[in-house]
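Here is what each chain is made of, one letter per residue.
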Amino acid sequence: MSTSSTTIAVTPSSRSYTLGELMVATAAREIHDGEVVFVGMRLPLIAFVVAKKTHAPSAVGLFENGVIRSTPAPELIYTMADPPNILGATQCLDMLGVMSLLQSGRVHLGFLGAAEVDRFGNLNSTEVRGPRGLTRLPGSGGACDIASLAHRFVVLLDHSKQRLPGRVSYMTSPGNGDGQGWRQRVGLPRGGPAAVITTKAVLRFDESGEAYLASLHPGVEAADVVANTGWPLRTSDSLSQTPAPSAEELRAIREYDKEGFWTT
Amino acid sequence: MSKLRSMHDAIADLVPDGASVALGLQMEQMIPFAAGHEIIRQQKRGLTLVGPISDTLFDQLIGAGCAEKVIAAWVGNVMMGSAYNFRRAVEEGGLKVVNLTNFAVALALQAGAMGVPFFPTRTARGSDTARGNEFFAEIESPFPLGRGESSREQEKLHAVRAITPDVTIVHVQRADREGNAHCWGNFGVMIEGIRAAKRVIVVAEEIVAAEVIASDPNRTVIPGFLVNAVVECAYGAHPSPVQGYYKRDDAFFRQYHEQTKTKQDSDAWLSRWVHGVTDRRAYMNQLGGCRVDDLGVKQHAYAAQADFGY
Chain A
11 MSTSSTTIAV TPSSRSYTLG ELMVATAARE IHDGEVVFVG MRLPLIAFVV
61 AKKTHAPSAV GLFENGVIRS TPAPELIYTM ADPPNILGAT QCLDMLGVMS
111 LLQSGRVHLG FLGAAEVDRF GNLNSTEVRG PRGLTRLPGS GGACDIASLA
161 HRFVVLLDHS KQRLPGRVSY MTSPGNGDGQ GWRQRVGLPR GGPAAVITTK
211 AVLRFDESGE AYLASLHPGV EAADVVANTG WPLRTSDSLS QTPAPSAEEL
261 RAIREYDKEG FWTT
Chain B
136 MSKLRSMHDA IADLVPDGAS VALGLQMEQM IPFAAGHEII RQQKRGLTLV
186 GPISDTLFDQ LIGAGCAEKV IAAWVGNVMM GSAYNFRRAV EEGGLKVVNL
236 TNFAVALALQ AGAMGVPFFP TRTARGSDTA RGNEFFAEIE SPFPLGRGES
286 SREQEKLHAV RAITPDVTIV HVQRADREGN AHCWGNFGVM IEGIRAAKRV
336 IVVAEEIVAA EVIASDPNRT VIPGFLVNAV VECAYGAHPS PVQGYYKRDD
386 AFFRQYHEQT KTKQDSDAWL SRWVHGVTDR RAYMNQLGGC RVDDLGVKQH
436 AYAAQADFGY
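Residue numbers (my numbering), protein chains in the order written: chain A, 11 to 274; chain B, 136 to 445.
One chain only, chain A, in its complex shape:
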């Protein structure tokens, strides 16, 4: 650590890791050893692999196409149904089976992406209506199911005012609704958002169901995060810095995503 009081904010490009690598390592740390994880698409595919190769060797991965894995896929995958994700799987069955495990409460953690995440961790991946009219997005996929039924879920997305509005324009997947007690009231059995990992920070949720700023990525100022969030974002009293990826985590990421498809 520098002892200088005038440290220069370092841009991610001058660091020894990319923002994508930081997000993947941060996501991987959300997986506790021994947990059952609903992995999802894109960055989480690699976060699961990194967790398995570092601190969570006993984690089990469920994929909504019906695959259950207790070992990481032997090589990089772009989708959960790529042949390396089938080879050596624990079980290859159907969606109804893994979704049933999710509904009956066997899944600890699920990962999601979204176009918008709001103050209460509700997600939109269906459509955005803005000044330029309607923008149609791909849709829920399994996101609404994971948000509804996992014991907790973690979201990854770019940090901007547009992506983090006070209220999502369409609630594809339920977070904490309008606050404390909402999930129980509408008939959701459990769960809710645990963290939102953005390109600037990590947000977490307290008993009120509202997000607060929990940690800043290295080189990012709190004011920058607040200014780029669509509601008055509260800051944790114990605001910390998101730990940089360790050498072990970076090795696991780079061994896997050799060309940096997901992480550059």
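Note that these hints are calculated values from the structure, not bench results.
DSS-like cross-link-like pairs, simulated, lysine-lysine; straight-line CA separation at most 25 angstroms:
1) K333/B <-> K231/B
2) K433/B <-> K268/A
3) K231/B <-> K396/B
4) K382/B <-> K268/A
5) K231/B <-> K398/B
To be clear about the criterion: a stretch of chain A counts as covered by chain B if any three or more of its residues have a C-beta under 8 angstroms from a C-beta of chain B, and this derived list gives those stretches:
6) 71-78
7) 82-95
8) 101-109
9) 138-151
10) 174-187
Glycine included, every Cβ here is placed at the ideal spot set by N, Cα and C.
On the provided structure of chain A, position chain B as indicated by the hints.
Below, chain B without anything else, positioned relative to chain A:
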């Protein structure tokens, strides 16, 4: 009785205009692209497309003007994000979309498969996905919770409406002439989709003797009596992967993303890869021998034998 048909005849006879068609049921594996392309070539119109996530096949059918309605959880290009024909069709109006979740698609097909009008679930409670959606209804459990004082409380659930597609099209590794089919890898919602359908088309990489299928009945995912047509079509799922036959052509999905950003570009893509080829063999020739070789299995990984003797 042999149900072997050419792709042309199977699609011509079993996919009428206005039909609801379930396809792409095994998620990103074994997507019946060859069958989809034949639907486009035959200029089918007014179809309702049913599936959980379609990768790019629904986008192609929409771009070609075949679809009037989509009942799906996700429509896009899994590796790259959005799919442009779908976006244009929704944003400019015209295409009807029923937004489901993956679990809801599975439950709707399961209800159809079981011959019941709906299936209960806890998913999507409180979400906009379920609000005003003709496939979701709020119901109360007819049974008490059974937790002491709260036992009189009725649990609120969602009912997901059954789907019974007019035709389900699946791609598998191998089938016999009667349609008994083996598949391995991930199944997604194919089993429910076959049982729920009024008619079934099985597209297989290989047609094998009935004895091959009967030698391993646990690997049989489709009993032939549910099948109306069997089509032999090697590489019929390209660019999606078929476990043990060929890998995913990632570059093809990337190129599709780059080459279909405008309506004009998309039309050019369809001219080249669908209308410009008469069948799958011509399509593979256009893809080129080197590329096809590269997609092939490099290291075989056979399962241990299972002894069915007694």
